[in-house]
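For reference, the chains in residue letters:
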Amino acid sequence: MSSGENGYSRRVLIVGGGIAGMQAALDIAGSGYEVVLVDKLPSVGGHMHQLSETFPTLDCAQCIMTPRTVDVGRHENIKLHVYSEVEEISGQMGNFRVRIRRKPAYVNWDACTACGACTEKCPQLVPFDFDRHLEMAKEMRTGGVRHVGTGKAIYTLSPQAVPKKPVIDVDHCLWFQKGKCRLCEKVCPVGAIDYEQQEAWFEEEVGAIILATGFELYPLEKLGEYGGGRVPDVIDALAMERLLSASGPTAGVMRRPSDGKEPREVVWIQCAGSRDPELAMPYCSKVCCMYSAKQAMLYKHKVHDGQAIVFYIDIRSAGKRYEEFIQRAMEEDQVLYIRGKPSKVFREGDKVMVWGADTLTGQPVEVAADLVVISPAMIASPGTQRLAEMLGLEVDAYGWWAEHESNMAPLETSRPGVFLAGAGTGPKDIPEAVSQGSGAAGKVLSLLARWKGPDED
Amino acid sequence: MRVRLSAESVHNELVRRVEEYSGQDLMACYQCGKCAAGCPVAFAMDMLPSQVIRFAQLGLVEKLLESKTIWLCAACQTCYTRCPKGVDLSRIMEALREILMYEQGSHINYDQISLEEIVEWPQQAFIGSFRKYTV
Amino acid sequence: MRATYFPGCTLNTTGKGFDNAVRASASAVGLELIEVPDWNCCGATYPLIIDNILELAAPAHVLVAAQTQGRILTTACTTCYNVLKRTNEFIRKHPDERDRLNTFIEAEYQGEVNVKDILHLLRDDIGFESIQSHVQKPLTDLKVACYYGCMVLRPPAEVGYDDPDHPTSLDDLMAALGATPIDFPHKNECCGAYLAVKAPDVTRDMVYTILRSAQAAGAEAIATNCPLCQFNLDKQQAEMRKIHAGYRPVPVFYFSQLMGLALGLDVREYGWDQHYIDARPLLAARNLWQGEAMVEGATQ
Numbered sequence: 015m016s017s018g019e020n021g022y023s024r025r026v027l028i029v030g031g032g033i034a035g036m037q038a039a040l041d042i043a044g045s046g047y048e049v050v051l052v053d054k055l056p057s058v059g060g061h062m063h064q065l066s067e068t069f070p071t072l073d074c075a076q077c078i079m080t081p082r083t084v085d086v087g088r089h090e091n092i093k094l095h096v097y098s099e100v101e102e103i104s105g106q107m108g109n110f111r112v113r114i115r116r117k118p119a120y121v122n123w124d125a126c127t128a129c130g131a132c133t134e135k136c137p138q139l140v141p142f143d144f145d146r147h148l149e150m151a152k153e154m155r156t157g158g159v160r161h162v163g164t165g166k167a168i169y170t171l172s173p174q175a176v177p178k179k180p181v182i183d184v185d186h187c188l189w190f191q192k193g194k195c196r197l198c199e200k201v202c203p204v205g206a207i208d209y210e211q212q213e214a215w216f217e218e219e220v221g222a223i224i225l226a227t228g229f230e231l232y233p234l235e236k237l238g239e240y241g242g243g244r245v246p247d248v249i250d251a252l253a254m255e256r257l258l259s260a261s262g263p264t265a266g267v268m269r270r271p272s273d274g275k276e277p278r279e280v281v282w283i284q285c286a287g288s289r290d291p292e293l294a295m296p297y298c299s300k301v302c303c304m305y306s307a308k309q310a311m312l313y314k315h316k317v318h319d320g321q322a323i324v325f326y327i328d329i330r331s332a333g334k335r336y337e338e339f340i341q342r343a344m345e346e347d348q349v350l351y352i353r354g355k356p357s358k359v360f361r362e363g364d365k366v367m368v369w370g371a372d373t374l375t376g377q378p379v380e381v382a383a384d385l386v387v388i389s390p391a392m393i394a395s396p397g398t399q400r401l402a403e404m405l406g407l408e409v410d411a412y413g414w415w416a417e418h419e420s421n422m423a424p425l426e427t428s429r430p431g432v433f434l435a436g437a438g439t440g441p442k443d444i445p446e447a448v449s450q451g452s453g454a455a456g457k458v459l460s461l462l463a464r465w466k467g468p469d470e471d
Numbered sequence: 013m014r015v016r017l018s019a020e021s022v023h024n025e026l027v028r029r030v031e032e033y034s035g036q037d038l039m040a041c042y043q044c045g046k047c048a049a050g051c052p053v054a055f056a057m058d059m060l061p062s063q064v065i066r067f068a069q070l071g072l073v074e075k076l077l078e079s080k081t082i083w084l085c086a087a088c089q090t091c092y093t094r095c096p097k098g099v100d101l102s103r104i105m106e107a108l109r110e111i112l113m114y115e116q117g118s119h120i121n122y123d124q125i126s127l128e129e130i131v132e133w134p135q136q137a138f139i140g141s142f143r144k145y146t147v
Numbered sequence: 035m036r037a038t039y040f041p042g043c044t045l046n047t048t049g050k051g052f053d054n055a056v057r058a059s060a061s062a063v064g065l066e067l068i069e070v071p072d073w074n075c076c077g078a079t080y081p082l083i084i085d086n087i088l089e090l091a092a093p094a095h096v097l098v099a100a101q102t103q104g105r106i107l108t109t110a111c112t113t114c115y116n117v118l119k120r121t122n123e124f125i126r127k128h129p130d131e132r133d134r135l136n137t138f139i140e141a142e143y144q145g146e147v148n149v150k151d152i153l154h155l156l157r158d159d160i161g162f163e164s165i166q167s168h169v170q171k172p173l174t175d176l177k178v179a180c181y182y183g184c185m186v187l188r189p190p191a192e193v194g195y196d197d198p199d200h201p202t203s204l205d206d207l208m209a210a211l212g213a214t215p216i217d218f219p220h221k222n223e224c225c226g227a228y229l230a231v232k233a234p235d236v237t238r239d240m241v242y243t244i245l246r247s248a249q250a251a252g253a254e255a256i257a258t259n260c261p262l263c264q265f266n267l268d269k270q271q272a273e274m275r276k277i278h279a280g281y282r283p284v285p286v287f288y289f290s291q292l293m294g295l296a297l298g299l300d301v302r303e304y305g306w307d308q309h310y311i312d313a314r315p316l317l318a319a320r321n322l323w324q325g326e327a328m329v330e331g332a333t334q
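In order, the protein sequence lines correspond to chains A, B and C.
All you need for the working numbering is the position in the first sequence, starting with 1, plus 14.
All you need for the working numbering is the position in the second sequence, starting with 1, plus 12.
All you need for the working numbering is the position in the third sequence, starting with 1, plus 34.
These are computed hints drawn from the structure, not numbers from a lab.
Check before you lean on any hint, since a few could be wrong.
[Said to hold, decoys possible] Keeping only pairs whose Cα atoms sit at most 35 Å apart, straight-line, the calculated DSBU-like set for lysine-lysine is:
id : chain 1 : residue 1 : chain 2 : residue 2
1  : B       : K97       : C       : K150
2  : B       : K97       : C       : K232
3  : B       : K75       : B       : K97
4  : C       : K127      : A       : K236
5  : A       : K314      : A       : K334
6  : A       : K93       : A       : K152
7  : A       : K365      : C       : K276
8  : C       : K177      : B       : K80
9  : A       : K236      : A       : K192
10 : A       : K236      : C       : K276
11 : A       : K334      : B       : K97
12 : B       : K97       : A       : K314
13 : B       : K97       : C       : K127
14 : A       : K236      : B       : K97
15 : A       : K365      : B       : K75
16 : C       : K127      : C       : K150
17 : C       : K232      : C       : K276
18 : C       : K232      : B       : K75
19 : A       : K275      : C       : K177
All of these numbers come straight from a predicted model, not from anything done at the bench.
Go ahead and model the full structure; you've got the sequences and the hints to work with.
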């Protein structure tokens, strides 16, 4: 079913294996067409994979996501290229030619049985990307709190990763850096470690493309007044997700990075880099009001007599059952909401001081927090710009994909056969991203249905 | 007493003068309070720096002219440096001081300063005070 | 290297000792300072009413006078720097107001001068490594917290040459002089400046916030680059023990005093008597002070 009328390919490329990309892939693959799904990480699932629980239901993120990831991993119609990047696209609708580069994992995935011995024995603890480079205090890094398999120089992203095959982080691997160790090779029962592995290139022909490249968070380094990323125990929202998550660096036990103590007072700072035309991004990042309430509630569920304080400007809770969720945070979990954007965050002794003002009573306030969580602006995923150049597409002034017409055609680009889904066009919550995944799939399927095969009439 | 807000009351003459002298668009402020949070003198003020703009936005400039806040501004520029909307609150403070002093005269009296202080203190302190508090 | 130098009213009179230190230490590291001829007070605050041509006249006149001596105008008072720099940028960017101003002060100034704070010159044009090579008596073990204040940092787009939240130029200078700079979070927090005249209690609380933070970080001294900040941080400490039990006063240096000491210059005229918290006992304890006599081996 792959080649249609006039040689149109009925295969589909989906760039990005997050929830929007996966939804689109499953819808198209489930209709009988072949999907090529590319993701830069070693496993699919995108940022949702990092979350502890989702709002407003407090569902475990992995529990609701793994049915998708497992299906994607096993589907006969989905050709999965993980740990890969799209390097070149040429052609047009019906006949795109795509070159994909798979980064060397230094592990032979065909031989690997995912037994986990390599990661268990690896001596290099690494504050790795998936955990937002959280570096826990020494007491927290040993002694049974940390999950086996993650945060090492040879790692899988989490116990629920699909595919669950490890990669080696050459920047932290003792063999690649200093010519020592090679323990993983010694313990691997099937000899799957291959330090000589090279990158691999693949050529795919597809008829349509869906761009589901997702988002990143505005870096703390650019928020100088909030510590510039250098103040211990000031972390961003995704790092907090990792701290809260059962697959994170503390297995979900509430501890702060600097000394491993249980934080008794935790502050959230909203709109850090959002709604800030003068110094950062002018737009609202949509989901932070909801996720900070969620994180505050989860924190309170773990630390019953802890205090959660959220410094906000407005609370935006426009989705279904979202407002009720916020009220639940305030009423049932006693989260204290202070209307006022903090001006300064700094370290004093073993506390993190937050200087704010309650604009409702007119009172300058300060909090001596144990942990501060910054809710940074959402920004476009790095690599969006390069992909845009490859395809001759536009991104807006802030790097988000430019929709063909944002009101009536939010999933279309200016190029026929190229569609959009998920947070790559702007901040979105999970239901929206999933809906857009199906929407983009629908657009693609309507094309594929019209491109008949040579044996069809 | 309930304050009556209307088209005339909100964009009144005093507000227009504040905007003219300061060069700032008062409506650009969305009252996030970051200026108040970082103001090093806010602890001593009777209303928050951000509330100064709020009263002006509502056209209630008279309330401002009674407050101590505008006289305690040290023009340190922290508010302007941090404001996400680029509103220069220090200029608004200066505009309000200017308007009040046009009506009521200078806010500092030379007699208040002793000869000892004049001899001992760095004169930039006095010059700065005269610049800010005289008309 | 040559630069036109604007002392400002305070460094020229009550702060003369600090001015002596500025000139001598600049010269010792190869920065020749030529004083602006026929200068006047800069006005001490930048006029914030827009189009305040009258209040811009004073700093504009300084710029015009400075122009006769060269392209770079520097000053060692951060308040003067802020006023002159902002005035200069205003003149460069507003042709109509510039014409009115020029008519008023009878000049034809277009913004030709570059206003550059002395610390900026020392950092970028002289270089801290070069300064370090001139050090005769490193300020070893002197734990000094560097206080920048407001005027050399804000607004960053107009006057800034360092990170407005975590500046390091003064810290790096102290390190080059052999001292141990102590980082602390309130190095850019306002001291109150001219509020000291009408509201000294308010400035006292503001100063306490800064000093307490510096001491908590391990500082035994403060270094600053504004004479009004120096005065506020210094004088307010005299009363502080009465209000805050157990408060330990720390001396507040003008940065050029420390430069002079480290460079092995004759520091006798650097204003030591006017400190409210005498700096000499600490210097003696660190073997950096040789009593009232000239520092051994001084070169000037």
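Taking the hints in turn, this is what the structure says about them:
{"no.": "1", "hint": "K97(B) x K150(C)", "in the structure": "28 Å, holds"}
{"no.": "2", "hint": "K97(B) x K232(C)", "in the structure": "32 Å, holds"}
{"no.": "3", "hint": "K75(B) x K97(B)", "in the structure": "24 Å, holds"}
{"no.": "4", "hint": "K127(C) x K236(A)", "in the structure": "28 Å, holds"}
{"no.": "5", "hint": "K314(A) x K334(A)", "in the structure": "23 Å, holds"}
{"no.": "6", "hint": "K93(A) x K152(A)", "in the structure": "41 Å, violated"}
{"no.": "7", "hint": "K365(A) x K276(C)", "in the structure": "28 Å, holds"}
{"no.": "8", "hint": "K177(C) x K80(B)", "in the structure": "39 Å, violated"}
{"no.": "9", "hint": "K236(A) x K192(A)", "in the structure": "33 Å, holds"}
{"no.": "10", "hint": "K236(A) x K276(C)", "in the structure": "42 Å, violated"}
{"no.": "11", "hint": "K334(A) x K97(B)", "in the structure": "31 Å, holds"}
{"no.": "12", "hint": "K97(B) x K314(A)", "in the structure": "34 Å, holds"}
{"no.": "13", "hint": "K97(B) x K127(C)", "in the structure": "22 Å, holds"}
{"no.": "14", "hint": "K236(A) x K97(B)", "in the structure": "17 Å, holds"}
{"no.": "15", "hint": "K365(A) x K75(B)", "in the structure": "39 Å, violated"}
{"no.": "16", "hint": "K127(C) x K150(C)", "in the structure": "18 Å, holds"}
{"no.": "17", "hint": "K232(C) x K276(C)", "in the structure": "21 Å, holds"}
{"no.": "18", "hint": "K232(C) x K75(B)", "in the structure": "22 Å, holds"}
{"no.": "19", "hint": "K275(A) x K177(C)", "in the structure": "31 Å, holds"}
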